[in-house]
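Enquirer: Chain V is already provided as a structure; the job is to place chain E on it using the hints.
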Amino acid sequence: MQEENIDRNTAADKAENTRAPREDAVVFDGVVFSYAEQASPALNGISLAVKKGEFLAVIGHNGSGKSTMARLINGLLLPDKGTVTVFGLNTAEGKNPAEIRKRAGIVFQNPDNQMVASVIEDDVAFGPENLGVEREEIGRRIESALRAVGMEAYRYGTPSRLSGGQKQRIAIAGVLAVKPDILILDESTAMLDPRGRREVMQVVSRLHREEGLTVILITHFMEEALLADRTIVLNRGEIVMQGTPADIFLHSERLEAYNLSLPRIGRICKSLQKAGIPVADCLTPEELAEEIAEAAAARGVKGECGGHVPAAPASLAGGEWDIDIKNLAYTYSAKSPFASVALKGIDLHIGEGEFFGIIGHTGSGKSTLVQHLNALIKLPSAQKRYRPARPKKGRPAPVLPELKVGPFDLADKKCDFFRLRESVGMVFQYPEYQLFAETVFADVAFGLKNFRKGISAEETEAAVRDAITMVGLDYAEVKDKSPFDLSGGQKRRVAIAGVIVTRPHILVLDEPAAGLDPLGKQEIMELLHKIHREWCSTVIVVSHDMDEIADNCTTAAVISEGAVADCAPPRVLFSRTEELLSLGLDIPLTAKACARLKELGIEIDTDFTCEDFARKVTALFNGGEHA
Amino acid sequence: MLNDVTFGQYYPASSFVHSMDPRTKLLALIAFIVAIFMAETFYGMLLCAVVLTAAVLAARVPFGSVLRSVKGILIILILTSAINLFFHGGEHLLTPESWAVKIYREAVVFTVFLMLRLSLLVMASALLTLTTTPVRLTDGIESLLTPLKWVRFPVHELALIMSIALRFIPTLIEETNRIISAQKARGADFESGNLFKRVKAVVPILVPLLISAFRRAEELGDAMDARCYSGSKNRTKYKKLTFGLRDLAGALVVAALVAGVVLFNVYAADIWPQIYEYIVIK
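Going down the list, the sequences are from chains V and E. Note that the working numbering numbers the first sequence so that position 373 is 373, with each residue one more than the last. Note that the working numbering numbers the second sequence so that position 80 is 80, with each residue one more than the last.
I should point out that these hints are in silico values taken from the structure, not numbers from a laboratory. Hints may be right or wrong, so weigh each one.
[What the hints assert, rightly or not] Below, computed lysine-lysine pairings styled on DSS-like, alpha-carbon distance capped at 30 Å: (1) V:LYS335 <-> V:LYS378; (2) V:LYS102 <-> E:LYS149; (3) E:LYS200 <-> V:LYS95; (4) E:LYS233 <-> V:LYS95; (5) V:LYS344 <-> V:LYS453; (6) E:LYS233 <-> V:LYS378; (7) V:LYS378 <-> E:LYS237; (8) V:LYS453 <-> V:LYS491; (9) E:LYS71 <-> V:LYS335; (10) V:LYS481 <-> V:LYS491; (11) V:LYS404 <-> V:LYS326; (12) V:LYS384 <-> V:LYS344; (13) V:LYS453 <-> E:LYS233; (14) V:LYS102 <-> E:LYS237; (15) E:LYS197 <-> V:LYS384; (16) E:LYS197 <-> V:LYS491; (17) E:LYS71 <-> V:LYS384; (18) V:LYS413 <-> V:LYS326.
Just so it is clear, the structure is predicted and the values come from calculations on it, not from any experiment.
Same shape as in the complex, but just chain V (with noise of 0.2 Å):
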């Protein structure tokens, strides 16, 4: 980020803006909206003034009517009842909705589907084309767009190739572009991973504190929303809390009666609190361990933590189904001018019984890993139309890599591809996107169907039942529904169950809580969970969720650049704070609050979890109590 290259002149603009009595940016007024094929409307009675400069935070469960709050706001929809005004313009009259959508631009959540150009500068072009801005001011308007949010370096590049956070930076210039007052984020950064997630909040947060922009900011992310100025609460399309972010967290009882859950340290300050310990609440991992510091200076407890250290789980190796790999390299478009990189020598063990985590940056290739797997990408000595290459004389023989998944040999030719894909299950990212049948059942007895052919109508029935029991829904319900009926989670809930239908050895879950609120996401962990106890022996899981690394997995491998950089359970790989974040990755928040405590003299050790981490602090105070 570039924050010395500010447009002086706006900026200075802006902020005599600001000096002026504030005015109201937008006022709800009674509104009420109801989707035509949905009973209980979407919206029902929201009274809301935001303050022009103001940055507000709206925060709700999927389906609490967030959304419908940012189209409302810009005439994308228009209330039922009462009224939205946007600077005085009422949406709902004559031409407003032209004017109003100058001043409040949205970005949404998917960053591929708002982008109209193949080339960035022609897509950030797009909005003052529309408005009939001429051609030189459009150049300037690009060029100060791009510089706002860091990406003038990529101005004659294509979108195609750039990561989900820089999308969303793109998509922001591309409304900043138009000179708009008020910046609405209607959950833009849903589908990123941390690093574009943070790329964009910084992005925000200093357009909305230097330049003076109204910010709403629509999320279900409530570390993100700890840096607005005010947050409210939506459930069933009310208003139910409003506050500073502090005053919200510290209820937490009613935000979990809303489907919310509170930032993970809020919920360890809680069950600290809980345990009689005197830290008060707060919410980032740096405060947490200055509360603690400061509580164990006050009580006289020093040192290292009582708790004994665990051993380490007893090596899971030589496993029936234990997964080799070996020298595993990949480049897509090979031999042509497009050629990149994937894989550039993996070597890695997945023991049998693991619920293992393969982490990554987005492009790290930790996808590409994946479908190697169950031979959706074939090795190259697996390939029909392979012929060992004759060894030359005074040169070494080519490394082949190899790959054993169980009793498959994927380097062999003859290896019976088709039951390896039985064995090892596979869910993609965003698996629902995939569905395609005319009810859940024949969805879900698709993967049964080809795996097994003839398969009696009985034992169909019996397995589908199973599965989606399995995945917690019912049965009876479902089966004869259209899957695009069902609600976003239950839709990834069957999707899980098309695959786990087979009852495979080893399941493979690509991001598997992405795109879901916080209690979906601990749902899902929790069906995995379900899954790996009770039908797959070995779990893997690939996300950039550091958190969700550290609380699920026996073992875990950070792959970057197309390389292992490290594999070890998550009490050891976490407590490598550097190194991870050399990287450029993520540590889990409980590491951080761990580093900082190292700092001021406390060692804790733990395996990252929110509940070990508030289980040793405790036991660090008792034994220093008892001492």
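Expert: Chain E alone, transformed into the frame defined by chain V:
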């Protein structure tokens, strides 16, 4: 897996031809096609081939990739050649009188001509797509079609549709690949079985793809509305194509080519009268 924006056959390089204005290249291609169809002598055809070769050299694209484009029309080429060879009439019979199949000298000359014409045409078009990104090509087409606005032809809308299509082709290809992989992982088989079975096997790909395309279209529509799109009225255009010196040079070369072809048509008989009847079509 195809997931790059430069799908199609664009060959990235920086060269004289790559940096020419797309309009010049489009017009030059049209002029070139006119030239190869005007040419009535092998001299003219040779001149066309020489100019194309020079253009390929100036474009710094591998000759192989230009030649490969002919492979695409190989069947058409063989079929039309065969038909012309056997059914084109003439005066000088080459096969013995008694044969049922009659091949005339004129037919042979004409067939060779036809093959050269078609091959040069395809190779020249390939050179255009190899050196111009689809985006630049769309810009060029839009600019060239602008006069049609006078007859109320929706040039702007057409250009926007093309540019959005180009923008979403890589996204949809990527999505298709992902859906295919996901259904393969669930045991779907797209490669064996009879036609009916194969068509049926496509349903699990097509349904999710269509649903997703509609969802994307809806979201894109909202995003365009939110960014103040309201049709072509009062709209300005940021990107402006400008002709440069290279374009002038290119235009001169093509003009010289057409002139050369015409001159050869007129004066070929005087160059080497003995072989004239073997190198001309009438």
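Enquirer: Need the status of pair E:LYS197, V:LYS491: alpha-carbon distance at most 30 Å?
Expert: holds (27 Å)
Enquirer: For a C-alpha distance cap of 30 Å, please report whether V:LYS413 and V:LYS326 respect it.
Expert: Roughly 17 Å between the alpha carbons, so the hint for V:LYS413 and V:LYS326 holds.
Enquirer: Quick one, are E:LYS233 and V:LYS378 close enough, alpha carbons at most 30 Å?
Expert: Since the Cα atoms of E:LYS233 and V:LYS378 sit roughly 52 Å apart, the hinted pair is violated (cutoff 30 Å).
Enquirer: Next pair to validate is E:LYS71 with V:LYS335; report whether the Cα-Cα distance is within 30 Å.
Expert: holds (20 Å)
Enquirer: Quick one, are E:LYS71 and V:LYS384 close enough, alpha carbons at most 30 Å?
Expert: Since the Cα atoms of E:LYS71 and V:LYS384 sit roughly 24 Å apart, the hinted pair holds (cutoff 30 Å).
Enquirer: Could you grab the alpha-carbon distance between V:LYS102 and E:LYS237 and see if it respects the 30 Å cut-off?
Expert: holds (18 Å)
Enquirer: When you check the alpha-carbon spacing of V:LYS481 and V:LYS491, does it fall within 30 Å?
Expert: Judged against 30 Å, a Cα distance of about 11 Å means the pair holds.
Enquirer: Would you check the hint for V:LYS102 and E:LYS149, treating anything up to 30 Å between C-alpha atoms as holding?
Expert: Holds: V:LYS102 and E:LYS149 sit about 28 Å apart, inside 30 Å.
Enquirer: Decide if the proposed pair is consistent with the structure: V:LYS453 and E:LYS233, CA atoms, cutoff 30 Å inclusive.
Expert: The given pair, whose Cα atoms are some 59 Å apart, is violated under the 30 Å limit.
Enquirer: Holds or violated: V:LYS335 with V:LYS378, Cα cutoff 30 Å?
Expert: It holds: about 17 Å lies between the C-alpha atoms, which stays within 30 Å.
Enquirer: Going straight from one Cα to the other, do V:LYS404 and V:LYS326 come out at no more than 30 Å?
Expert: holds (9 Å)
Enquirer: Does V:LYS491 lie within 30 Å of V:LYS453 when you go C-alpha to C-alpha?
Expert: Roughly 26 Å between the alpha carbons, so the hint for V:LYS453 and V:LYS491 holds.
In terms of the numbered hints stated before, the structure departs from hints 3, 5, 6, 7, 13, listed from lowest to highest.
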